[in-house]
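*Asks:* Here's the letter readout for the chains.
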Amino acid sequence: MTTTSTTPARTGPSAPAGRSAPADRLKVLGRVVLQRYSLVLLWLLMIALFTVLLPGEISGPEALRAVLGQQTPLVFLGLAVVTTMAVGEFDLSFASIFGLAATAVPSLVVLYGWSFPAAAAAAIVLALVIGAINAALVVFVGINSVVVTLGVGSVAGGAAYYISRETSVSGLDPALSVIALGRFLGLPMIFWYGLIIVAVAAYIMSATPVGRHMLFVGSNREVARLAGIPVPQIRVGAYLASAFLCGLGGVVLAAGLGGFDPATAQTNLMPAFAGVFLGTVAVVPGRFNPVGMLIGVYFLLTGVFGLQLLGAAGWVTDVFYGLALVVAVTISFLLQRRVRG
Amino acid sequence: MHPLSTESSASPAPRPGLPDTAGGPAVPPRLEVRDLSKTFAGVTVLDRATMSIEPGEIHALVGQNGSGKSTLIKLISGVYRADAGGEILVDGEHVGPPVHPRRLFEQGLAFVHQDLGLVPDLSVRENVRVGRHSTRRFTGWIDKRRDREAVRRTFDFLGLPLDPDAKVASLQPSERVAVAVARALQDREAGSGVVVFDESSRAIPRESLPAFYDMIRLLASQGTAVLLVSHNLKEVLAVTHRVTALRNGRVVETGVPTADLDEAALTRLVLGREGQLDNLVATLPARLAPGTIEIAGVAGGRVRDFSARITPGEVVGVTGAIDSGLPDLAALLGTVRPAEGRITVEDRPAVDLAGAGVPDLMAAGVALIPQDRAAQGLALALTVEENVTAPHLMNRGHVWWTGRRWRHDETDYVLDTFDVRPRRRDAVVATLSGGNQQKILMGKWLLGRPRLLILDDPTQAVDVGARSAILHATRQAAQQGTAVLLCSSEVEDLAAVCDRVLVLVDGEVARELAAPLTPESILDATFTPAAGGAA
Chain S
1 MTTTSTTPAR
11 TGPSAPAGRS
21 APADRLKVLG
31 RVVLQRYSLV
41 LLWLLMIALF
51 TVLLPGEISG
61 PEALRAVLGQ
71 QTPLVFLGLA
81 VVTTMAVGEF
91 DLSFASIFGL
101 AATAVPSLVV
111 LYGWSFPAAA
121 AAAIVLALVI
131 GAINAALVVF
141 VGINSVVVTL
151 GVGSVAGGAA
161 YYISRETSVS
171 GLDPALSVIA
181 LGRFLGLPMI
191 FWYGLIIVAV
201 AAYIMSATPV
211 GRHMLFVGSN
221 REVARLAGIP
231 VPQIRVGAYL
241 ASAFLCGLGG
251 VVLAAGLGGF
261 DPATAQTNLM
271 PAFAGVFLGT
281 VAVVPGRFNP
291 VGMLIGVYFL
301 LTGVFGLQLL
311 GAAGWVTDVF
321 YGLALVVAVT
331 ISFLLQRRVR
341 G
Chain L
1 MHPLSTESSA
11 SPAPRPGLPD
21 TAGGPAVPPR
31 LEVRDLSKTF
41 AGVTVLDRAT
51 MSIEPGEIHA
61 LVGQNGSGKS
71 TLIKLISGVY
81 RADAGGEILV
91 DGEHVGPPVH
101 PRRLFEQGLA
111 FVHQDLGLVP
121 DLSVRENVRV
131 GRHSTRRFTG
141 WIDKRRDREA
151 VRRTFDFLGL
161 PLDPDAKVAS
171 LQPSERVAVA
181 VARALQDREA
191 GSGVVVFDES
201 SRAIPRESLP
211 AFYDMIRLLA
221 SQGTAVLLVS
231 HNLKEVLAVT
241 HRVTALRNGR
251 VVETGVPTAD
261 LDEAALTRLV
271 LGREGQLDNL
281 VATLPARLAP
291 GTIEIAGVAG
301 GRVRDFSARI
311 TPGEVVGVTG
321 AIDSGLPDLA
331 ALLGTVRPAE
341 GRITVEDRPA
351 VDLAGAGVPD
361 LMAAGVALIP
371 QDRAAQGLAL
381 ALTVEENVTA
391 PHLMNRGHVW
401 WTGRRWRHDE
411 TDYVLDTFDV
421 RPRRRDAVVA
431 TLSGGNQQKI
441 LMGKWLLGRP
451 RLLILDDPTQ
461 AVDVGARSAI
471 LHATRQAAQQ
481 GTAVLLCSSE
491 VEDLAAVCDR
501 VLVLVDGEVA
511 RELAAPLTPE
521 SILDATFTPA
531 AGGAA
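Here the protein sequences come in this chain order: S and L.
1 is the number of the first residue of the first sequence in this note's numbering; add one for each residue after it.
1 is the number of the first residue of the second sequence in this note's numbering; add one for each residue after it.
These are calculated hints, taken from the structure and not from any lab test.
Note that CB positions come from ideal geometry on N, CA and C, so glycine has one too.
Incorrect hints may appear among the rest.
[Claimed, not checked] Using C-beta positions, here's what the derived DEER-type ranges look like: (1) S:F333 <-> L:H100: 22 to 32 Å; (2) S:L49 <-> L:G403: 41 to 51 Å; (3) S:Y203 <-> L:A350: 18 to 28 Å; (4) S:Y203 <-> L:E87: 47 to 57 Å; (5) L:N395 <-> S:V200: 18 to 28 Å; (6) S:S38 <-> L:F105: 36 to 46 Å; (7) S:N144 <-> L:D260: 56 to 66 Å; (8) L:F105 <-> S:F333: 24 to 34 Å; (9) S:D318 <-> L:R421: 42 to 52 Å; (10) S:Q266 <-> L:R137: 43 to 53 Å; (11) L:E87 <-> S:V200: 52 to 62 Å; (12) S:L53 <-> L:G403: 46 to 56 Å; (13) S:A207 <-> L:A430: 23 to 33 Å; (14) L:R103 <-> S:V319: 35 to 45 Å.
[Stated by the list, open to error] Every beta carbon over 10 Å from chain S, so not counted as near; a handful from chain L, in silico: (15) D91; (16) P98; (17) R145; (18) E235; (19) L269; (20) A282; (21) T292; (22) A350; (23) Q376.
[What the hints assert, rightly or not] If you want the footprint, here are the derived chain S segments under chain L, 3+ residues with CB under 8 Å: (24) 205-212; (25) 226-234.
Here chain L stands alone, though its shape is the one from the complex (with noise of 0.2 Å):
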């Protein structure tokens, strides 16, 4: 039931320590990079980056954002290509560098990536065969029947009952990972080859997350390699066996065996320091404020109907499983999404959701940190000082002169509270790492002092110490008057900030759970309705 258990079922992988591979004749590593190094624009990114991963091994890719990982893997995948002098080997076998994207497939690579790359409006067999099709032999045209096949057969080996001809629209986030996985999977001797897996488990469901590793471990124990990039190093000491860490462009330790470490050993190797989440609750007690912000009857999407009532100088957290509303729920409290429902901020007028735009909001002093940073939070091709400053133009600039001065002091004071890398005003955000793009955005709202904050899962895919920047200023957000609310599904971001926890079960709050709060208690208060499950 714990989503990061480490029992494993019935693959039979071997969890800690190496896999075999002392005595008898030396098999080379299934990955071996040597020396990668990349540099852009004279900043080098990547410096002589080597590991090696050996045939059933399940290998662990961790650091900070902005440490290389995702350039790292980008050279390995001929995203990018990396500076002369490194190598890339399969086998034993010079595969580049130059890769050449399109030869991955024969030379053994496979890379599950991030986002997925799936086109929603097609079928599932359409998206698993792209740029695989069987094609008829006369006329070329594309053999659905054959696909159809293939696709079940790599859907067998997964143990998925999935429909070929599904739209992947329709699936459930679980079921888009596995046809993202069986694309990189199909038509692959079985254990042969490196699997890449790019912080695919943030795109998995928590319910989901233990078969999934099933499946890791089970590609393992044919005799694959498995690279698995991730943040979450729960996942990385439960599944994985070695661990290599990148720190500011560098591979500081590599081939280290998890057995070996636990979550305070690992967080060290890839801050450098002690990590360690506070409890946020205790540090930087709650200051109640006088007044009340009232959420009621909020609807829309699968959230049937949302009340609650927060102080100023608290923060709440709203929880849930997938299925909950928990991921709707700050995109209809934004107006991200048409929904139904009022919030009343203190004496201020009501703000009726189904009528109001983003600035009736922002008059009422709400502000909404949306999930989805590239698409909603950020403009990502203008630089950090016109984002952070953008909402905020109207209300500290005049209509014929934005003003400089406060536009370059707020955005130092954003600079400098969290502590952004480069520290730089006139950066363009996508040349930043995600965790600084969260803190930019984090800045960019808090800057208006609002009244109420709505978080919408602020610490997902950023590195521990950006999270640990980003909670400090939500629990300080709060400190300073605003009341906060945090829609997320990470339990300990919700017992290190919180002070009450909503529960949604079905679209409306079944629970509420007061402090003191741990991670465990909050998960048994999210899932102890659905007993039995995924596991």
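So here's chain S without its partners, still in its complex pose (with noise of 0.2 Å):
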């Protein structure tokens, strides 16, 4: 019974007859690329746009090789925000992490003399340690996300203040700065960190089972756990890699800068949202995903970076990202919308 019918019905009817399927391939094609890339496509058209709009101040590869360079802790932070995000948990606590982690570094050395390797090292376990707090209070206490890491992103954004003296820190030894800024073909390191952490997370997220036990417990926790998936686990789990991405975002900016300025820490929530979102319609359309997610950081910076190329005014970047974040989940909510019928 069960042998039979594992063989039959293999060519259903999805295959295609026999002499137009290359065209059916092609157009099975195109809508792949369209639903898939339709946000690169967007990119490269926003990056000709600008050059036309500019025209003989900047070349499209010299544009394109400023944003890519910029020193953006953009990345790390969407990769934090994706892996909270894409396990059903809201994190809004990541920007102050990172704040504390990159003020932290140039304060102990700076003012209280540790070594840079050992203040890296404190700054990425304080990070774990923020972490860990939301993670307690969330999955074991049972708090909701939103209120328990607002209030903690609130309390790791005083204690930026408290160990910065409250001043803008600096005076890091400027060789370090080769950590973030050192180049490799043409760009400064800390894109390459962040395409390693995007490809690392991608292949955790896609092809592995602790990848997949994310999807589960971000699309139904009881399906998840009655499914044998340590629901809890993965969920504090998520918690801490968010940390401790946030963390490192924190060290490698701060050694590129040589300090930092605790109040621009809150300026990367709004971008770092805005990308993970629009990374929610490319790649992997209605998921979180780290490629998506990549993509989408680098649309918004070309964006802001065009804007302020063409004399736009400061407020107009909080503007961009706005829109951007509220255009993203509107396309991301009517895909889902047609998906479900």
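Dock the two chains into a complex; use the hints.
*Replies:* Right under this line is the structure:
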């Protein structure tokens, strides 16, 4: 009974009829590209638009290099958000955790005389501790994650000011900036770090059991639990991974800048969220995914860069990020609704 | 006493045949649907559906899962917007499409949905009156006294003495249905309008069904038209006057008098072929294997002490009345809910339910197919392949690589074995019909080759075709050496696949029935102690 049933119907209706196959395949390919990579196409379109609007000032490749070469923690932070959102958790504290780590490194070195490696390690441990507090309150005590991370984020933000004695700290050894700014193929290391962590995360999330487990925990916790998936471990892991990424981002950025101003940490909140949600319309539409996030983040950075070149005032940046977030979420929602019918 | 008894009580609704519409001036139908179609993303799920219901008629809408039944109801209730070209008429007047959900009430259309749509934490009064609260003239505050009166009047009409201030959460399932019905019927002029019951009898315990049917007959006898969407063919034959059958998005027959049909004919209408639920115990006889699975001292909820010994290769049914603990049992055994007790699978270490989690059960070879598909069984937003393989990733894959080949092969195996439509690994589960979802859920757990398979009411609200596929799979799992515990109140399912049936009374196994089993014998054993009762 069962042996026969494995073989029939293999050549179901999905197999296209012989002759029209190449054309069909091309059509399918076209649809897939449109569905998954329309954000990339839009990005290229935007670059083209800026080069037309700014004749002679900057060439396409130059603009691209300028955008990719920015010193920004957004890829680290976006990945942190992807990690928590993918398992259905909300984390509003990531920017503060990043700020705390980035402030701790120069503060410990300059104000307290620690060595850089010790300060970097301490910053990451600090980030992990905050992540653990988030996890404990949300997962084990069962408090609403928005409330917990909002509060914990505020605490972490305050702690950053305390450590830095309420100033912007600088004075790290300029030689350390090689960590973030050393060039490889014309682009700074911070860009390559981002690429590497995104690649690792993308692999984990798409090709390993842990990634699948994250997907189920994010989709339906009870179904995941009844499938034998260790739900609390996955949720705690996501908070810790997120905090680790924020800490890492903080260390790298502080090294690159030679210091850090804790007041700037929160400016990353909005673009990171916007990038993550933009990412849900790309690569794996409807899901939080690292590669989509990477595309989303650079899409946003390109837009802001172009607007600045065009001489737009500072407030345009906020409007642009906000619009991108809302538009991304709307498109994502409409995609989902079309799938569900 | 028989749950689907045809004997009518006080209400004089003419059972067989059409209501008297012959002769006299032509009265327009209460509800008429002409050429309604619905297309999703290029796929036509409902193709020019047409039917009409006369005043005082109880009309059944039948069809397999995915036949377009739910879509038709959602078009009439305004959840979906129909494609251009169709028309919906109430008493000869055009009401759509598009139907405006807010205006349904004025237009005389009322719906009792599958999930009832009640808020458990609110009172009966609040649930019934939501959206139609009486308000005080000056302050605009809700006038609770007038609401309470209105609710009481509706319950009087339904003949149910329910307290308007009781919390819905505290009610029995049958009473909750009454609340949903009351919401649909309140403020209605007797004898007008159309009431649609979308699989409502699902939520009603068997003991209360006769009362529910009487209420439907009462409504119809006053002139209201009733549309009953149902999978239960016996119910259709017993209660309704005429039938409309959908198959693959088309109306295959409409307005067929049920008096001209028997169950076989109705099944043919639904399936397009004979769908006899054959005795699977005879066609797939038990092949008992050595070993014993022992369940001991399980307690929790209404279950006080459940113990059983099952041999691999055997299908053991558990049944009981709604208050026997049956609805809790599977959830307790699968640690969905906190429980006491032990499960010992052959020579593996015993699992203590009090401290165990799902991984412990899985390690022992115990798999539960839960009743609530959407909340516990499947992640609806994910694909078939992701759902089917989820519990097996750690066993079959590596930590660093889930593997692709086995996932595809095993998913294909499930799709083929259960004849899932569409046969696509990457289909999002939410887009599949209920029956196909249930097949995916069965496949997901059978892939792990469990030693003990616990099924919780697996054929609830699935069509005849899916039901047969699920029962076949159950029996086949047993033949391959799995011990199966089937918790169900469907006596025909139990009779068709079980080697033995345990009857729960007051949370304990009160009696054990051995083959040959018949639906009647199981039913008798279930209800014998509680003589008198609901009818």
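*Asks:* A separate judgement is required for each hint: does it hold in the structure or not?
*Replies:* The hints, checked one at a time:
Take F333 of chain S and H100 of chain L: their Cβ atoms lie about 23 Å apart, and the range 22 to 32 Å holds. Here the CB-CB span from L49 of chain S to G403 of chain L is close to 44 Å, well matched to the stated 41 to 51 Å. At roughly 40 Å, the beta carbons of Y203 of chain S and A350 of chain L sit outside the given window of 18 to 28 Å. Taking the beta carbon of each, Y203 of chain S and E87 of chain L are about 55 Å apart, inside 47 to 57 Å as hinted.
At roughly 25 Å, the beta carbons of N395 of chain L and V200 of chain S sit within the given window of 18 to 28 Å. For the pair S38 of chain S and F105 of chain L, the supplied restraint of 36 to 46 Å holds, since their beta-carbon distance comes to about 43 Å. At roughly 59 Å, the beta carbons of N144 of chain S and D260 of chain L sit within the given window of 56 to 66 Å. Remark: the range hint 24 to 34 Å for F105 of chain L to F333 of chain S is upheld by a beta-carbon distance near 29 Å.
Between D318 of chain S and R421 of chain L the beta carbons are some 50 Å apart, a value that agrees with the proposed interval 42 to 52 Å. Against the hinted window of 43 to 53 Å, the Cβ-Cβ separation of Q266 of chain S and R137 of chain L comes to about 51 Å, which satisfies the hint. Checked against the hint of 52 to 62 Å, the C-beta distance between E87 of chain L and V200 of chain S comes to roughly 58 Å, which is consistent with it. Checked against the hint of 46 to 56 Å, the pair L53 of chain S and G403 of chain L passes, with Cβ atoms roughly 50 Å apart.
For A207 of chain S and A430 of chain L, the Cβ-Cβ distance of about 24 Å falls inside the hinted range of 23 to 33 Å, so the restraint holds. One distance hint, 35 to 45 Å for the beta-carbon pair R103 of chain L and V319 of chain S, holds here, with the actual separation near 40 Å. The beta carbon of D91 of chain L sits about 31 Å from the closest Cβ of chain S, which is more than 10 Å, so the claim that it is off the interface holds. The beta carbon of P98 of chain L is kept farther than 10 Å from every beta carbon of chain S, the shortest such distance being approximately 17 Å.
No beta-carbon of chain S comes within 10 Å of the beta-carbon of R145 of chain L; the shortest separation is about 37 Å. Distance to chain S confirms E235 of chain L as a non-interface residue, since its nearest Cβ pair spans about 28 Å, more than 10 Å. Non-interface status of L269 of chain L relative to chain S is upheld: no Cβ of that chain comes within 10 Å, the nearest being about 26 Å off. At roughly 15 Å, the least C-beta separation between A282 of chain L and chain S is larger than 10 Å, which holds for a residue marked as non-interface.
The beta carbon of T292 of chain L is kept farther than 10 Å from every beta carbon of chain S, the shortest such distance being approximately 24 Å. No beta-carbon of chain S is positioned within 10 Å of the beta-carbon of A350 of chain L; the least distance is around 18 Å. Residue-level check failed: Q376 of chain L sits 5 Å from the nearest beta carbon of chain S, not beyond 10 Å. Note: the stretch 205-212 of chain S has 6 residues with beta-carbon separation from chain L under 8 Å; the three-residue rule is met and the coverage holds.
Closer than 8 Å: that is the beta-carbon criterion, and the stretch 226-234 of chain S has 5 residues meeting it against chain L, so the requirement of 3 holds.
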